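Asks: For reference, the chains in residue letters:
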Amino acid sequence: MATDATPNASSESALPALELKGLSKSFGGLHAVRGVTFKLMPGDRKAIIGPNGAGKTTLFNLITGIFPSSSGQVLLYGRDVTAWSSHRRTALGMARTFQVTHLFPKLTVLDNVLLAIKGLRPSKYVMWRFMSSYPDVYEKAHGLLERAQFMDRKDTEVRFLSHGEQRQLEIVLGLASDPKILLLDEPAAGLSSGESVEMSEFLQGLDPKLAILLIEHDMDVVFDVASNISVLHFGEMLESGPAEQIRQSAKVREIYLGTE
Amino acid sequence: MKPELNGRNVALAMAFAALVSLPFWVSGTYYINVSSQILFYAIFALGLNVLVGYGGLVSLGHAGLFGIAAYATGYFLQAGFPHSAAILLALVVGIASTAVFAFLALRATGIGFIMITLALGQIIWGLAYRWISLTGGDNGITLHGRPAPFGLDLGSASAFYYTTFIIFLIAVVACAILAGSPFGAAIKGTRDQPRRMNALGYHVWAIRFWACLLSGLLTCVAGILFVYYNQFISPQTAALTASAEVLLMVIAGGPATLLGPIVGAALVVIVKNVVSGYIERWNFLLGAIFVAIVILMPEGLVPGTVRLWRGGLRAFRRRRGIVLAQSAEPKP
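Chains A and B, in that order, give the protein sequences.
Residue 182 in this note's numbering is what sits at position 182 of the first sequence, and the numbering runs on without skipping anything.
Residue 275 in this note's numbering is what sits at position 275 of the second sequence, and the numbering runs on without skipping anything.
Careful: at least some of the hints might be erroneous.
What the hints assert, rightly or not - If you anchor each label on the Cβ, the simulated ranges turn out as follows: (1) R310(B) x G53(A): 27 to 37 Å; (2) G53(A) x V92(B): 30 to 40 Å; (3) A13(B) x Y125(A): 27 to 37 Å; (4) E146(A) x F284(B): 24 to 34 Å; (5) R88(A) x G80(B): 24 to 34 Å; (6) N6(B) x Y125(A): 41 to 51 Å; (7) S132(A) x A159(B): 30 to 40 Å; (8) S85(A) x F284(B): 23 to 33 Å; (9) I132(B) x A83(A): 47 to 57 Å; (10) I123(B) x S132(A): 52 to 62 Å; (11) V323(B) x S132(A): 40 to 50 Å.
Hints were generated in silico from the structure; no laboratory data involved.
Fair warning: this is a prediction, and the values are worked out from it, not measured in the lab.
Don't be surprised by glycine CBs; every beta carbon is placed ideally from N, CA and C.
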């Protein structure tokens, strides 16, 4: 979008969008994440895989600032945001979706998107004007819904959408803030195989400049969307590499894909 | 926006006309006074509704805030301040206290929030009872006369009624705008999905804090009207039963609606003042009404009535459709 063009956009693109340096988190004696170092460049499509309990969602919560980290750093465009709260990180261009759908079930699809767009505007706390007096917000919402092919269902309350549609809307809400980094926590969780294919296509159709970090169990979605895969095991980065290398790796097969 | 001529707007216009002309068709100052009471309790309930209905934060300490504003007015008047200064100072004291309340109570949500507000409310009640040099203890504070803004004496029942009515209208319009504003949407969002709101870039704590302050502002306005209405304030005003009463107004009428708290306030005030003249055990009656509301329309009187009305209308149309279809069938 034209309004997002910042004068130093070129210098920004040389920096990694997201960088983790020795990030760790322990809950008491449990070391959920241990010394994870990771880089995500603008436009990268990377995935993190790993068995249940490997610390994937904890890692996401550290990146987004839901939990404070025990040690290590989180950098957004070279800026240390380790001590920042999550709504400030969002303002810097990070958006996430949740493993369990977190939508506003009693609001319509359009109202969900309006709320998401307002999230990063200073006028979000205005209490003396009606929401409907901001035509630019409506315009943007319509644009987003158009691209996601949700226009025909914009006045449907979200609780009446199918699970697959809700998972897609979850991502539309993430996109509403014009993020530069999108963190997807199992976007295909609970989807049928047909819906998973739709989800893969939906993700591949997103803006190529957007950096995407994906946690997913559905390997078809991972191999379709991500070019680079990292394997997390007991909180540690076991192996990182191009999708093909991970598919071939004996170690990864052993712990995750299963030995046949 | 063009006003539409539908059932809802006609009903609202009629209610407005009835309230404007109330002192002319209601006989006796007693009923005019009851109407004033309904209106300022409605402001109180609208204030609590901002927190309970839109914010999803149930407070059991609002009578404490209501009491603080009322006591502050009484105290400053007793100290010799003019009415305008006393009212302004009472608002400042009330909102500052709300900020302290909110700061302490917002460390938690859900049951935790209820318990902290309950405790804070009880502290205020205890102070009202025991801090005799400030509050007069059990004897309370007696006011001497109502203000006379612009030479208009508010001593008479209808003058006070109209003043309350104007403030009530301002409160209703303010709440209507708030509910439709971006901030209103944000409050409701933090009620339904705080984690998502956080991820969308909203400062959830700040939104809740502001919701508390707005709720406190309306509560304090109602408290000041209350103390001028009774021209007397005692610890009973800040008691837990008073907090529970206003919460019941909101829940019975329909939380997160504009009309619900107003209808709830009317119900409680009428049962308490008018029906209690005929039935000694009016508390029992009020309890029975609440049980009936909870069973028949758990979402509250206003949304419940709308639901039953629409359902009834549909059933009526369907039945009429069947009858018409039967009569249209050719007879053998």
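Asks: Confirm or reject each hint.
Replies: Taking the hints in turn, this is what the structure says about them:
1. R310(B) x G53(A): 27 to 37 Å: violated, 49 Å
2. G53(A) x V92(B): 30 to 40 Å: Once the Cβ atoms are compared, 54 Å apart, the range 30 to 40 Å for V92(B) and G53(A) is violated.
3. A13(B) x Y125(A): 27 to 37 Å: holds, 33 Å
4. E146(A) x F284(B): 24 to 34 Å: violated, 59 Å
5. R88(A) x G80(B): 24 to 34 Å: At 49 Å between Cβs, range violated.
6. N6(B) x Y125(A): 41 to 51 Å: violated, 32 Å
7. S132(A) x A159(B): 30 to 40 Å: holds, 38 Å
8. S85(A) x F284(B): 23 to 33 Å: With a Cβ separation near 50 Å, S85(A) and F284(B) fall outside 23 to 33 Å, so the hint is violated.
9. I132(B) x A83(A): 47 to 57 Å: holds, 49 Å
10. I123(B) x S132(A): 52 to 62 Å: violated, 43 Å
11. V323(B) x S132(A): 40 to 50 Å: holds, 42 Å
Comparing the model with each earlier hint shows violations of hints 1, 2, 4, 5, 6, 8 and 10; every other hint is respected.
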